[in-house]
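Chains as they are written, first to last, in my numbering: chain A, 1 to 256; chain B, 1 to 272.
Calculated from the structure, these hints are not laboratory results.
For each residue, glycine too, the CB sits at the ideal point set by N, CA and C.
Hints may be right or wrong, so weigh each one.
[As the list claims (entries may be wrong)] Within a straight-line C-alpha distance of at most 25 Å, the following computed DSS-like cross-link-like pairs (lysine-lysine) qualify:
no. : chain 1 : residue 1 : chain 2 : residue 2
1   : A       : Lys109    : A       : Lys54
2   : B       : Lys172    : A       : Lys87
3   : B       : Lys259    : A       : Lys247
[Claimed, not checked] Chain A regions said to be covered by chain B (calculated; three or more residues, Cβ under 8 Å):
no. : stretch
4   : 79-93
5   : 96-108
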Amino acid sequence: MPEISLSSIGVTYSGHPALDDVSFEIPRGQFVSVVGPTGSGKSSILNVVAGLLKPTAGQVFSRGSQLTSINRDAAYMFQHDALLPWKTCLENVLLGPILRGKARFQAAKEAHLWLERVGLRGYEDRYPSQLSGGQRKRVAMAQALINRPPILLMDESFSALDVQTRALMEDKLLELWHELRATVLFVTHDLEEAIAMADRVLLLTAGPHARIKADYPIQLPRPRNIAEARFIPGFAEIYEAVWHSLKEEVMTTYEQ
Amino acid sequence: MNNSRRGAAVVLQVFILVVFIGGWEIAARNRWIDPFFFSQPSMFAARAWRWLTEPGFLLGGRTIYHHLLVTMEEMAGGLTLGVAFGVGAGFALGRSPFWSAVFNPYIQVLNALPRLVLAPVFVLLLGIDERSKIALAFSLVFFIVFFNAYRGVREVDRNILNNARMLGASEKQLAWHVLLPSAMTWILSSLHTAVGFALVGAVIGEYMAAAQGLGWIISQAEGNFDAAGVYAGLLILCAVVVVVELGVTWLERRLVSWKVAADYADYADLSV
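Could you put the whole structure together from the sequences, leaning on the hints where they help?
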């Protein structure tokens with residue numbers, strides 16, 4: 001049974017078709033990157049799997065059952081800051097367990113652990129506005145992962161970070177993914193990041209009527225060091241193949 | 001602003017006050033202006049001082065503190081009811097586009113109506129005791145708080161809302177953890193205006209028809225052509241406003257401490 005399954009998904013925004021007949025399956029524990037030109041509906045796919053967006057056609061299955069509302073098995077790391085600015089780091093992180101009915105004492109204990117894990121010990125009482133962009137992302141990561149979600153959805157979560165911080169976050173994510181055995185759907189516009197992180201890369205065509213153009217397995221050895229992934233033998237060949245195909249779609253987008 | 005600039009600002013503030021009050025006093029003493037209408041700072045300050053310090057100085061058989069208390073009660077009553085119903089209605093309509101569309105024309109009309117003309121209506125309905133003043137203060141406060149709560153709920157960040165949903169929030173939990181804190185900044189900033197309007201409602205209500213309260217004192221003094229009494233009443237009103245305003249600022253700092261932290265972070269960014 002696949003962990004995530006989309007069958008003939010179509011998404012239309014007030015008469016404008018974004019996604020058209022998108023189908024794919026993801027087995028449990030797989031790390032899948034989604035790439036495509038801007039406006040190809042990458043975020044729409046995430047929102048459909050999250051249950052935040054109702055597809056206009058087709059069906060979504062999450063862990064075997066059809067999705068009709070918010071996906072309780074999924075955590076979501078958004079592109080933009082989505083921490084609650086009126087809560088401290090600790091309160092932000094312990095929110096997930098609290099919302100799911102855990103006792104505050106237990107939730108706070110876990111939250112302390114997770115903040116330590118993402119390297120933010122001593123920042124418990126800071127408000128998000130008092131942190132740097134990279135620190136905020138780490139809080140968001142702890143917040144998303146504390147519920148130990150079987151599925152993790154990421155929407156260009158690291159795109160706003162500087163290169164060094166980003167590499168650290170990517171390594172951290174892989175480490176936690178490995179530990180939690182989560183299934184990851186990772187949207188990015190950075191092809192190198194997409195390949196270096198993933199087991200598999202899905203390539204979308206240019207929108208409107210975007211669909212899956214190609215599906216590349218990435219069989220590079222793990223564990224990977226993201227900053228040096230491009231030196232792994234075989235990386236360059238995959239990159240070239242995907243880039244060649246992606247370039248055509250990017251050109252189509254520009255010509256529109 | 002650095003320290004020496006801030007010091008200069010305070011010095012100028014005091015200077016303006018001294019020039020204004022001193023000019024008034026001198027003009028009245030030299031009869032450049034008629035003290036019968038304009039009174040004289042030394043006179044009305046002395047009057048206010050006598051009210052406050054001489055227990056035997058009664059107004060309508062009661063001390064000034066009794067009248068002060070009555071006005072404060074009316075203000076607090078109108079404010080409390082106005083905030084409670086304003087927040088409640090703002091939340092309800094903010095969450096429901098349908099009901100918001102249904103009530104929209106009525107709210108617009110009631111808001112456009114100058115509410116002070118309702119004072120006679122409230123006196124007819126509720127009599128000249130405190131209830132009619134509370135009703136008037138309520139009618140002024142309600143709309144301010146309502147519009148702010150409504151906007152606060154409507155303008156909540158969609159990302160934050162979705163994030164809380166994904167973390168497992170039910171509708172009730174969303175209201176508590178996201179909508180209320182988000183609206184709180186709006187509601188609290190409206191509170192500064194709301195407190196002022198609550199006092200306006202109470203005092204104007206008393207001024208029109210009452211047997212006690214600061215508005216009644218001013219109205220009585222006016223009826224007796226007692227300019228010093230009118231200005232002494234205004235002076236005490238000013239003092240009340242300052243104290244209440246300080247209280248609201250304190251409350252704001254307590255309830256939205258995260259916002260203070262954010263403002264401070266912005267400020268710190270600018271200074272480096």
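These are the hints, each one checked on the structure:
The hinted pair formed by Lys109 (chain A) and Lys54 (chain A) fails the criterion: a straight-line CA distance of about 36 Å is larger than 25 Å. In summary, the hint linking Lys172 (chain B) to Lys87 (chain A) is supported, as the alpha carbons are separated by about 18 Å, within the 25 Å threshold. Distance restraint check for Lys259 (chain B) and Lys247 (chain A): the Cα-Cα separation of roughly 45 Å exceeds the 25 Å cut-off, and the hinted pair is therefore not satisfied. Counting residues of the stretch 79-93 of chain A whose beta-carbon sits less than 8 Å from any beta-carbon of chain B gives 9, enough to reach three: the coverage restraint holds.
With 3 residues having a Cβ less than 8 Å from any Cβ of chain B, the stretch 96-108 of chain A passes the three-residue criterion, so the hint holds.
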